[in-house]
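From first to last, the protein sequence lines stand for chains E and U.
Counting from 0, one number per residue, gives the positions in the first sequence under numbering that gives the first Met the number 0.
Counting from 0, one number per residue, gives the positions in the second sequence under numbering that gives the first Met the number 0.
The set of hints was computed from the structure by calculation and includes no laboratory data.
Here a beta-carbon is modelled for each residue, glycine too, at the ideal position from N, C-alpha and C.
Among these hints, one or two may not hold up.
What the simulated footprint calls covered on chain U by chain E, stretch by stretch (three residues with Cβ under 8 Å from a Cβ of chain E suffice, anywhere in the stretch; the number is not a length) [what the hints assert, rightly or not]:
no.	segment
1	180 to 191
2	303 to 309
Some chain U residues close to chain E (C-beta under 10 Å, calculated; not the full set) [said to hold, decoys possible]:
no.	residue
3	Val64
4	Ser68
5	Asp129
6	Ser340
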Amino acid sequence: MPENQNSTSIAHGPFNRLTPNLVRIAALAVCAAWLAAASPSHAALGGGFDSVAADRLHLSAKIASASAVTHTVHTLTLANGSVVREYASPDGVVFAVSWHGAARPDLRQLFGAYFDRFQTDNPLVSGRRTHRPLAADHADFVVRSGGHPGASWGVAWLPLAAPAGFTVNDIQ
Amino acid sequence: MIRRFLAMSALLFLTACGGGGGGGGGGSTTVTPPPPPLTNFATITVDDGPAALNTGPNAYTQDDVAYVSVTLCAPGSTTNCQTIDHVQVDTGSVGLRIFQSVLNTSLLAALPNQTDSSANPVGECYGYVDGYVFGSVRSADFSVGGESVSNMPFQLMADTGQFANPPASCSSGGGTNLNTVQAFGANGIIGLGVTPTDCGAQCQTAGGYGAAIYYDCPTAGCSTIITRNSSTAAPFQQLPNPVAAFAVDNNGVIVSLPSVPAAGQATLTGTLYFGIGTQTNNTLGAATVLTTTTDQSPNGAGLVTASYNNKSLGESFIDSGSNLYLFVDSTITQCTQSGFSGYYCPGGPLSLTPTLQGQNGQTASAAFTLQNAQTQFNGNTFAAVPGIGGDTAVLETSNSYPNSFDFGLPFFFGRNVYTAIEGRSAGAVSGPFFAY
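So that you can see chain E by itself, here it is in the shape it has in the complex (with noise of 0.2 Å):
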């Protein structure tokens, strides 16, 4: 339900002139009739706003948005304590996420069509053998990873998605 975004109650304008960074504000619940709405079939990277919904449901999560000056911040909290933030330009389109907590959360959902992609970024090197974090190097997708077990981070962003003025720097 695209058509809906706007009818979301996050916060615009006045909190823009805090700081050119991503602000912290309070967070606004969304709708829950809204997200109950929302279509599953759809994943949050290169979505839009309904596939944020979509993932809440799939991941039963908690959300928060919050409104920086060039994009919004859906932040997801999970049944056990993991964060995942996704990031919408002004469009509604999610051009990044990130996650943190025990463990890589459910990236098939998240990644959406760029899953398939991600899985053959990341084969098994054959030869010496390190167990070396998944990743993703190309001009419109990039994810870097890390962490042990009981503790992973990772983002995914489309650079070429990405509003004007946002950098890497400003993914949490």
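Given chain E, work out where chain U should sit, using these hints.
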């Protein structure tokens, strides 16, 4: 004799560390019986790995991986036993995991499945940075060095039957199904990290998961996620940190490896000590204690902060299970030769000076010399190679996102590195912590 020799080595180690405590009471004319030899340790070997790695079209020999041998017996048996060599020593994970393919048929047949409230066998998925392992949860009488745990659950990786196929919720974390000894790089792994069990509170809520995901596994296969408690004594549910389940010496470990020449060494022998401050051979001594994040921390357990190039990297850790230093520094030349993608290849030995800071504010230098990985690996078959570093990604980009510096096995060369378990007091300090 070997054990006696190692006990003597342990005392020498203590002396070398200036750890104080018991030691030779020279000068007395009274003959006193010697104390019983210490048995709270096992021998670590850094070598080429199990023979299965070096076979077939994907043959390779291992670098910078620490191995130990463990013994499994059918519960209650002293004869239906097997010693498994080349089990990786991993202070970055938790729990014992052994490949089904390395166990003999009589032992395998006698290892009971752990069962759930539906009386079905329990399955487990466990995630690593490059993929995951899947299999059944079995119980065995377990021993390593002189320590043991009866009826301890462990993961039988790449088990067959209803455990043959990882569920979608296991594989959807991404990466490779590490389902062979060759893919994994070891016959098994003994996770001796900072948490008492392998999933803590995360696996105790409905549908919950952490580093591990536990499954109900009827004959048709595993799909339903189940809750498991985090007991470190019988009756177990989650896989315990084996050390946390010991009757004694159960607060952590010391990985003690000798130093290695800059060019490397064919093999390396060291010692895995069980317990911290529990015996004369495992005193904390003058080591700096760096407390870590806990199971309940938002970013996960076992993290400290590395300061490097004026950046504060809050998701850093020390990990014997990583076989290199993993960090991002766009000013260091990357290797270009095929097969070395992602490794660092500085023009010559490069002195780097990261500092580690614990959650307790204590700091310690973690300086090391980064070597050229191509030069180090080319033309030699050394298994212990110092100074190997790599980027966390395959290719470098000039961003500063990664908030992490992983101090892998080369960091352990020439050091005694302590890993203390959360909630356990070790050397009068409460875990979790690293110390060195």
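Structure-based check of each hint:
Remark: the segment 180 to 191 of chain U is confirmed as covered by chain E, as 3 of its residues place a Cβ nearer than 8 Å to a Cβ of that chain, reaching the required three. Coverage of a stretch by a chain is defined here by at least three residues with a beta carbon nearer than 8 Å to that chain's beta carbons; for the segment 303 to 309 of chain U and chain E the count is 0, and the condition is violated. Annotation: Val64/U was flagged as interfacial toward chain E, and the flag holds, the nearest CB pair being 8 Å apart, inside 10 Å. Taking 10 Å as the C-beta contact cut-off toward chain E, the hint placing Ser68/U at the interface is violated, the least distance being around 20 Å.
The closest approach between the C-beta of Asp129/U and any C-beta of chain E is roughly 5 Å, which is under the 10 Å cut-off, so the hint is satisfied. Taking 10 Å as the C-beta cut-off, the interface hint given for Ser340/U holds, the closest approach to chain E being about 9 Å.
Taken one by one, the earlier hints fail for this structure at numbers 2 and 4, listed in ascending order.
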